[in-house]
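Chain by chain, the residues:
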Amino acid sequence: MKKKKGAADNLKNKTAIQKHREWRGGLDTAYDYMQWCRLWGILIKWAASHPVQNVRAVFRYRWMFSYLTVPSFFDRLCEGQRGAGLRGARNNLNYLASDVTKTLTTIFSADMHLHPDSKKAEELNKRIICVDELLPNLLGKGFPDCKMILFQEYPMYLPSLINQHSPVHYIEQSELYGLPADVCPLPSFEAGLAIEDDFPKIGCCMLTSNMPCDGSIMTTMLQERRIGLPSQVLNVPLRWKEDEVQDYAVEEIRSAIAFLEEHTGQKFDWDAFKEGCEIWNRQNECKFEKWDMNRTDIPPHTGSSAWLYRIFEHQAVAGEPRALRNDLKVNRILRKQVAAGKCPKTIRHRAVLWNTPCNNYANFNNWLLNCWGIESVCEMIDIHGTDLIDTGSHESMLRGLADHYQTSTMRAHTKGGSEVMLDSLWEKYEEYNADMIIMFDQISCKGVGAINGLFEEGAMKRGIPMVRVRQDLMDPTSITRREMRNDVNIFMQSVMKEEPVDASLVEFDDDESW
Amino acid sequence: MKAIKILITIMLAFLAVTVPIYWFNLDTKLVKLIEKPMMKRYDSMPRDNRL
Chain A
1 MKKKKGAADN LKNKTAIQKH REWRGGLDTA YDYMQWCRLW GILIKWAASH PVQNVRAVFR
61 YRWMFSYLTV PSFFDRLCEG QRGAGLRGAR NNLNYLASDV TKTLTTIFSA DMHLHPDSKK
121 AEELNKRIIC VDELLPNLLG KGFPDCKMIL FQEYPMYLPS LINQHSPVHY IEQSELYGLP
181 ADVCPLPSFE AGLAIEDDFP KIGCCMLTSN MPCDGSIMTT MLQERRIGLP SQVLNVPLRW
241 KEDEVQDYAV EEIRSAIAFL EEHTGQKFDW DAFKEGCEIW NRQNECKFEK WDMNRTDIPP
301 HTGSSAWLYR IFEHQAVAGE PRALRNDLKV NRILRKQVAA GKCPKTIRHR AVLWNTPCNN
361 YANFNNWLLN CWGIESVCEM IDIHGTDLID TGSHESMLRG LADHYQTSTM RAHTKGGSEV
421 MLDSLWEKYE EYNADMIIMF DQISCKGVGA INGLFEEGAM KRGIPMVRVR QDLMDPTSIT
481 RREMRNDVNI FMQSVMKEEP VDASLVEFDD DESW
Chain B
1001 MKAIKILITI MLAFLAVTVP IYWFNLDTKL VKLIEKPMMK RYDSMPRDNR L
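As given, the protein sequences belong to chains A and B, one line each in that order.
According to our numbering, the first sequence is numbered sequentially starting from 1.
According to our numbering, the second sequence is numbered sequentially starting from 1001.
Hints in this document: simulated from the structure, not taken from any laboratory.
There may be inaccurate statements among the hints.
Partner residues aside, some chain A positions facing chain B, computed with beta carbon under 8 Å [to be verified]:
hint	residue
1	Ile17
2	Tyr33
3	Trp36
4	Phe59
5	Phe65
6	Ala194
7	Ile195
8	Glu196
Here are the simulated distance ranges between beta carbons [what the hints assert, rightly or not]:
hint	chain 1	residue 1	chain 2	residue 2	range
9	A	Asp511	B	Lys1005	43 to 53 Å
10	A	Arg322	B	Thr1018	18 to 28 Å
11	A	Glu456	B	Met1038	38 to 48 Å
12	B	Leu1012	A	Arg335	29 to 39 Å
13	B	Ile1010	A	Lys126	41 to 51 Å
Below, in silico cross-link-like pairs of lysine-lysine (DSS-like), each with a Cα-Cα straight-line distance of 30 Å or less [to be verified]:
hint	chain 1	residue 1	chain 2	residue 2
14	A	Lys345	B	Lys1029
15	A	Lys45	B	Lys1040
16	A	Lys102	B	Lys1040
C-beta: ideal position from N, C-alpha, C; glycine also.
Please model the complete structure; the sequences and the hints are all you need to start from.
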């Protein structure tokens, strides 16, 4: 009998590069092609805008190579998608590409590594504020004549998602330097960038923070030595559910504003900041609508492109009118499919995914759905910064911003007390009518690792099938994608006793894949 | 009329070039080809690791 061809049969061995792009039916394939053209239009426009500068950047920075693989990355994030899911994903991703390329242009135009002794670059740097990548840059809306750049986002965080091998060299450098090898790969990657002098040399000042954890605080000391900019820590309280810490949180923001005014020579613009907060509130409302749609039996917008876009939106483009326009457009597309009662995917399970996902397997959600029919209806990493900001007064806006920081990525659940990590999980399980939990076990994260037992006890007590998927955030050399898939395979075969939707995806070699 | 003919020709030429690149994933395959030499270049760059 002829073996049925599956998605993995279209992948080259080891590199997992598609032999040809996915056939999604006539209409969806044509749509995917048009969005691919749009992406290439964005990339060519960026390359052509400053060709010499951009080529020099690609040759100067190892992490820039990862950006050359973006079309392949977007393909992976859209694997198996049809209908509104495909359209939502492609629009979100192309918006990201558009914004990232604009920011890279600003970064490289100001980069003193690429333009030593350039007066033009020096002038540009006077208006660039660097912030730690986990500090959402909504505050930057109050400095409309300046550009607030998430410092590690472009050399570190995004490349770690796009290409699983991008952190490896830098992590090795930090370990060779003598730093502990059991630290989370995120700060190790940052430390390696500082050691290799592979951060762009930009900015007039830097806001660092205590986010998300001790590992990042450690690496900030190394980064400061390399970067050499005037810097100030913006401390974000850990016990963010307590009223007692809110005055402190607001004072930290006031102090940060004073620091930025001093170093940029610009006065904080409350009207511009208010406008940014109001746009962010509307962006949040769009997200709430997406979550409402995902609570239905026909969730239209789930998985990797959804949570990745949320993180980027929350951190980098909160308060951005173009981001809001993209959200409104995507929501129209999703609403149409839900209203028509369509669901062009095979869903056997509705899963809540909890704890931090794995950067070096950004499209894990796609594999879950395509291989086992497990739909990621709710993800912890997607849920942050959900409180609307009261723009009635300066004080209320500062309180809103303080809340925005305290409930940001990798803070909303991992700090604040056990109820936000533990109880919230069971609440979301009910809310989304889930039937299983996928628990990421980030082996280098001591914080969440301490309560693994509580998750297991809670799931057993409630009779909830829960599979633990081990991962090391952005180090593919300690736990590979194959090993992550195997954790799910063993569970689905031996506990759930199911056959896969696509047997070809159960076991395949993608160790050399980006 | 002539303008429409030119436009159609341009569009057909665009499709003739881009559709095979898209379908056969030639853009990704090209980037894969240059990966090794690029990594060699990065490895050979002098670095000052003193902090």
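Hint numbers not upheld by this structure, sorted from lowest to highest: none
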